[in-house]
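> Residue strings, one per chain:
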Amino acid sequence: MNEREILERFLQTDPRDVGCGEAIEVLHVYVDLVAAGQDAADRFPGVAVHLAACGPCGDDFAGLLAAVRSDQPEA
Amino acid sequence: MRDGRYHDAVQPARSASPQLDEESAGWLSRLASEASAERAAAERELHGRLLRIALAEVRRRSTLTPVTGPELDDLAHQAAGDAMLAILAKLAEFRGESRFMTWAYRFVILEVSSKLGRHYWRNPPVALDAAQWERFPDRLGLDPHQQAEAVCIVAEVRHVVDTELTAHQRRIFIAIVIDGIPLNALAEKLDVQRNAIYKVIFDARRKIRRALTAKGYLDEPDAGQP
Chain C
1 MNEREILERF LQTDPRDVGC GEAIEVLHVY VDLVAAGQDA ADRFPGVAVH LAACGPCGDD
61 FAGLLAAVRS DQPEA
Chain F
1001 MRDGRYHDAV QPARSASPQL DEESAGWLSR LASEASAERA AAERELHGRL LRIALAEVRR
1061 RSTLTPVTGP ELDDLAHQAA GDAMLAILAK LAEFRGESRF MTWAYRFVIL EVSSKLGRHY
1121 WRNPPVALDA AQWERFPDRL GLDPHQQAEA VCIVAEVRHV VDTELTAHQR RIFIAIVIDG
1181 IPLNALAEKL DVQRNAIYKV IFDARRKIRR ALTAKGYLDE PDAGQP
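Protein sequences, first through last, are from chains C and F. Here the working numbering is used: the first residue of the first sequence is 1, the next is one more, and so on. Here the working numbering is used: the first residue of the second sequence is 1001, the next is one more, and so on.
It is possible that some hints are incorrect.
[Unchecked claim] Just the calculated beta-carbon pair ranges, DEER-fashion:
1) F/1217 x C/72: 48 to 58 Å
2) C/39 x F/1213: 27 to 37 Å
3) F/1092 x C/73: 44 to 54 Å
4) C/72 x F/1155: 29 to 39 Å
5) C/73 x F/1155: 32 to 42 Å
6) F/1135 x C/58: 19 to 29 Å
7) F/1092 x C/42: 27 to 37 Å
8) C/69 x F/1085: 47 to 57 Å
9) F/1088 x C/72: 19 to 29 Å
Keep in mind the hints are simulated off the structure, nothing from the lab. In this text, a Cβ means the ideal position worked out from N, Cα and C, and glycines have one as well.
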């Protein structure tokens, strides 16, 4: 990747991004879908975009998913 | 970024009133029980689970925070306690869109996240408004061997930041992107919602991109790109 491509990637935004408020509001629903092996991104595409772009919300997602998985019996 | 209150894909989930799973129904019944002994036992059990999750979460995030040792454990206990109060206060709002425990764990994860953001300012590695532009190439992930190109990119972005962004956008952009202050920490410092900071950065990125494109520095975006 050259320097301009890095800059392009850095400045990239996605209009589907729902923002932190909406993403956090449905985070529990989203995480349950992921934990159940369902396609959460298909049902909530704007949330998926946001969680990939926003570090703190992505971290909350990772934490909640880890919490839910800690309750699940080992496969 | 859309400004609507609810995502159109979220709304159906909210109006569906799904059937509660057995475990979730059990939690709701026990936590709302009129028998005080049953209710107290459920509250103890829930608090124990919230504390376990809070302790695991502060450890998971420990490499990204200056908070350590007993202080981290204290923070987990506070997060579990505050989450417990919030859950009990909002029990009637649980609509069964997820498992009860996932809904409950969300409170404690968000408490940990918020409290760590607040603790950042007890011993911040970088002051607000430090404006460390010299670190920008590293933050972008530019190859240090291509120094000339990196210097040129930093100069272009800096010029746009200085001339195109509003004072508020510039301050937020520099704090988050240039100085690397965690978004949560900045939101706590400025006493605003996390989304307010995110939106400023989102809009600033678009503005910078438009300016660099107008100057011929970047190509026009593809159709469908913002």
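> None of the hints should be skipped; say for each whether it holds.
Hint check:
For the pair residue 1217 of chain F and residue 72 of chain C, the supplied restraint of 48 to 58 Å holds, since their beta-carbon distance comes to about 49 Å. Our hint of 27 to 37 Å for residue 39 of chain C and residue 1213 of chain F holds, since their Cβ atoms are close to 34 Å apart. Between residue 1092 of chain F and residue 73 of chain C the C-beta distance comes to about 31 Å, which lies outside the given range of 44 to 54 Å. Under the hint 29 to 39 Å, the C-beta atoms of residue 72 of chain C and residue 1155 of chain F, about 51 Å apart, miss the expected range.
For residue 73 of chain C paired with residue 1155 of chain F, a C-beta distance near 56 Å fails the hint of 32 to 42 Å. A C-beta distance of roughly 22 Å is found between residue 1135 of chain F and residue 58 of chain C, which places it inside the suggested range of 19 to 29 Å. With their beta carbons about 31 Å apart, residue 1092 of chain F and residue 42 of chain C fall inside the hinted range of 27 to 37 Å. At about 26 Å, the CB distance of residue 69 of chain C to residue 1085 of chain F disagrees with the hint of 47 to 57 Å.
Roughly 25 Å separates the CB atoms of residue 1088 of chain F and residue 72 of chain C, a value that falls within the hinted 19 to 29 Å.
Against the hints set out earlier in the document, violations occur for numbers 3, 4, 5 and 8.
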